Amino acid sequence: MMRSSRHPLRLAVGALTLFASLALLPAGSAQAQQGKVKVGFMLPYTGTYAALGVAITNGFKLYVAEAGGRLAGREVEYFTVDDESDPAKAPDNASKLIKRDQVDVLVGTVHSGVALAMAKVARDTNTLLIIPNAGAGDLTGPLCAPNIFRTSFTNWQPGYAMGKVAAEQKRKTAVTFTWKYAAGQESVDGFKEGFEAGGGKVIKELSLPFPQVEFQSYLTEIASLKPDLVYVFFAGGGAVKFVKDYAAAGLKASIPLYGAGFLTDGTLKAQGEAAEGLLTTLHYADNLDNPKDRGFRAAYQKAYGAEADVYAVQGYDAAQILAAGLAAVKGDLGKRKELIAAMAAAKIDSPRGPMTLSKAHNPVNDIYLRKVEGGQNKVIGIAVPALADPARGCKM
Amino acid sequence: MDVYTLLIQLLNGVQYGLLLFLVASGLTLIFGIMGVINLAHGSFYMVGAYMAFAFSSATGSLVAGVVMGLGLSVALGVALEWGLFGRLYQRDHLDQVLLTYGLILVFEEMRSILVDNDVHGVPVPPLLAWSIPLTPTLSYPAYRLFMSAVCLAVAVLLWLLIQRTRLGMMIRAGASNREMVQSLGLNIKLVYRLVFALGVALAALAGMVAAPVSSVYPGMGTHVLIICFVVVVMGGIGSVRGALFAALLIGVVDTFGRVFLPQAAGVMVYLVMAAVLLWRPEGLFRSI
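So the sequence lines, in the order shown, correspond to chains A and B.
For the first sequence, position 161 matches number 161 in my numbering, and the numbering has no gaps at all.
For the second sequence, position 261 matches number 261 in my numbering, and the numbering has no gaps at all.
The hints are simulated quantities; they were obtained by calculation from the structure and are not laboratory data.
Being a predicted model, the structure only gives us computed values, none of them experimental.
The reader is advised that the hints may include incorrect statements.
Stated by the list, open to error - So these bits of chain B aren't anywhere near chain A, every CB distance computed over 12 Å: (1) T5; (2) I8; (3) V124; (4) A142; (5) Y143; (6) I162; (7) R178; (8) E179; (9) L186; (10) I227; (11) V259; (12) L278.
Said to hold, decoys possible - Here are some of the chain B residues that sit facing chain A, going by a computed Cβ distance under 8 Å: (13) A54; (14) S57; (15) T59; (16) G60; (17) S61; (18) V63; (19) G86; (20) R87; (21) S131; (22) P133.
Unchecked claim - Pairwise CB distance ranges (calculated): (23) R294/A - W82/B: 53 to 63 Å; (24) P91/A - G83/B: 34 to 44 Å; (25) K201/A - L10/B: 52 to 62 Å; (26) D92/A - D92/B: 31 to 41 Å; (27) L261/B - K96/A: 40 to 50 Å; (28) L7/B - R294/A: 31 to 41 Å; (29) L7/B - D92/A: 32 to 42 Å.
We put the CB at the ideal spot given by N, CA and C, even for glycine.
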């Protein structure tokens with residue numbers, strides 16, 4: 001990922017808020033304090049992923065606010081740490097929330113490297129962890145644990161769904177292209193699995209070192225290979241540049257470009273015309289026609305003056321899962337086993353549509369096939385209904 | 001892979017190399033002539049790209065954005081030289097590294113406050129928004145060819161400036177012996193200030209010209225910085241001609257490395273640099 005920049009102003013504000021919330025604790029009323037559920041957000045509030053961290057936090061708080069500020073009758077108290085998307089600082093940051101603030105549940109994060117470190121701390125300290133974005137397969141694979149939940153996706157899921165769609169379209173050959181890092185590789189592996197199971201063949205897997213964006217020579221190679229389609233995993237600045245370069249090279253007209261949803265999420269404005277018509281797969285889209293999503297988006301807009309996105313949904317659902325667990329034990333965090341069982345069995349009415357959790361505690365939900373139209377990711381169908389990650393390596 | 005595809009790849013390599021030259025030329029001037037290690041060079045590139053984004057979306061024209069941006073970047077260069085860099089010429093390289101690293105943080109923070117942390121696209125000017133078909137599936141964007149033309153024009157102009165003008169003579173003299181030039185009654189301080197401003201303007205120009213194809217995003221400057229230093233060191237510190245040859249070599253090696261040795265794509269450039277430096281420790285060309 002890109003070098004994260006620090007933001008002293010926001011840090012200062014964050015520190016002040018933390019200070020204020022500590023100072024405002026009702027002094028001497030130990031009982032009231034015990035009555036609160038302590039939620040620790042460990043998310044990026046500075047750097048490249050700052051917007052994602054904010055959206056997740058907003059989504060989580062929106063659900064709690066809608067529930068009247070209480071979950072199972074208990075007030076919710078928030079603690080916040082900026083993880084800076086820095087894996088090196090992750091163990092310390094997680095410990096701050098767990099040891100110093102003694103949070104009941106840890107919520108985080110966006111960056112997979114940081115999330116892996118958090119999962120390790122959560123396993124060691126047996127802290128409840130809800131992961132609202134990071135897509136590393138290991139988190140609900142070899143590293144899975146009863147106390148670790150995820151409300152987002154594995155990188156495998158959108159990739160596999162897109163592979164199936166491409167095979168159903170009777171396309172025979174594909175070239176994949178991504179950055180040479182875990183997320184990209186997992187996504188491409190998923191695509192290959194879905195595509196080849198349906199009778200297609202990946203004829204070449206291209207990759208370049210992260211975060212390089214000099215794509216021209218690869219585009220020339222793709223043009224000479226002439227596959228039936230190209231599947232890519234890029235996000236952020238790289239996604240913008242790739243989509244524009246692909247269109248400028250005239251490839252868009254002859255070889256369709258497919259991608260995991262992040263190719264066109266939060267990047268459409270910068271991509272402009274070049275992204276029109278692209279097909280991507282993800283568990284959320286801009287025009288889901290369900291009442292839950294309409295209500296959620298309106299409430300989000302009203303509360304924060306911004307459009308809700310997939311990250312806000314994932315934060316919102318993190319709160320929903322926690323609420324489901326707390327409701328089952330009537331707010332008694334001591335009943336750990338029942339709490340976890342209820343969270344794992346929860347049927348969530350998510351803005352994305354119905355969602356349950358797999359045995360490895362990863363979302364089972366529809367993966368939508370989306371098409372970019374008029375600067376929006378519009379649903380054109382369900383790529384794979386109720387898709388579960390195979391959770392390879394999870395012994396639970 | 002047929003010959004035609006190889007030729008297209010060669011074109012890709014040359015085109016990438018020319019853009020590298022444009023970014024690195026400013027660095028080789030500042031590094032070679034004034035002896036300042038300028039880690040903030042990538043930030044000037046970023047500043048240029050963001051100016052292109054801001055001004056072209058405000059005025060609706062990239063050309064107007066580039067003209068305004070060039071003026072501002074020269075002013076920025078003069079101000080920085082006057083306020084900060086002018087005090088560094090006699091100082092240790094470590095002090096220079098400290099200051100210029102600090103500047104990277106300052107520029108990143110300013111970007112975050114003034115613009116935001118999002119990725120932005122800069123539209124290609126309508127006049128150049130067409131492509132030349134090369135094969136039935138592949139075409140070449142005209143804007144990329146235009147970029148190459150700009151880079152070549154800058155290379156020629158720089159060569160003329162340094163080799164054929166009175167100012168160029170002073171620059172070359174100043175690079176070889178600052179005190180002697182001063183004692184001959186020439187205003188070396190002014191010359192340095194101009195060279196520094198020129199270096200900043202070149203980096204910013206590269207950012208502005210590249211903005212429509214690279215898009216603008218946080219941290220974009222740090223990405224180009226390392227490869228710029230490779231170009232400068234390989235070409236011979238302070239040699240504009242060396243920078244041009246080194247940039248072209250890197251562009252071509254990098255492109256063909258990706259095609260033929262994809263597993264080692266990331267290291268090819270550095271292997272070539274090591275080989276060149278073993279063969280010529282001072283780089284391909286001597287200074288100026």
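Outcome of the hint check:
no. : hint                       : result
1   : T5                         : violated (5 Å)
2   : I8                         : violated (5 Å)
3   : V124                       : violated (8 Å)
4   : A142                       : violated (9 Å)
5   : Y143                       : violated (7 Å)
6   : I162                       : holds (29 Å)
7   : R178                       : holds (35 Å)
8   : E179                       : holds (40 Å)
9   : L186                       : holds (41 Å)
10  : I227                       : violated (10 Å)
11  : V259                       : violated (6 Å)
12  : L278                       : holds (24 Å)
13  : A54                        : violated (14 Å)
14  : S57                        : violated (11 Å)
15  : T59                        : violated (18 Å)
16  : G60                        : violated (14 Å)
17  : S61                        : violated (17 Å)
18  : V63                        : violated (19 Å)
19  : G86                        : violated (27 Å)
20  : R87                        : violated (26 Å)
21  : S131                       : holds (6 Å)
22  : P133                       : holds (7 Å)
23  : R294/A - W82/B: 53 to 63 Å : holds (58 Å)
24  : P91/A - G83/B: 34 to 44 Å  : holds (41 Å)
25  : K201/A - L10/B: 52 to 62 Å : violated (30 Å)
26  : D92/A - D92/B: 31 to 41 Å  : holds (34 Å)
27  : L261/B - K96/A: 40 to 50 Å : holds (45 Å)
28  : L7/B - R294/A: 31 to 41 Å  : violated (55 Å)
29  : L7/B - D92/A: 32 to 42 Å   : violated (54 Å)
The earlier numbered hints that this structure contradicts are 1, 2, 3, 4, 5, 10, 11, 13, 14, 15, 16, 17, 18, 19, 20, 25, 28, 29.
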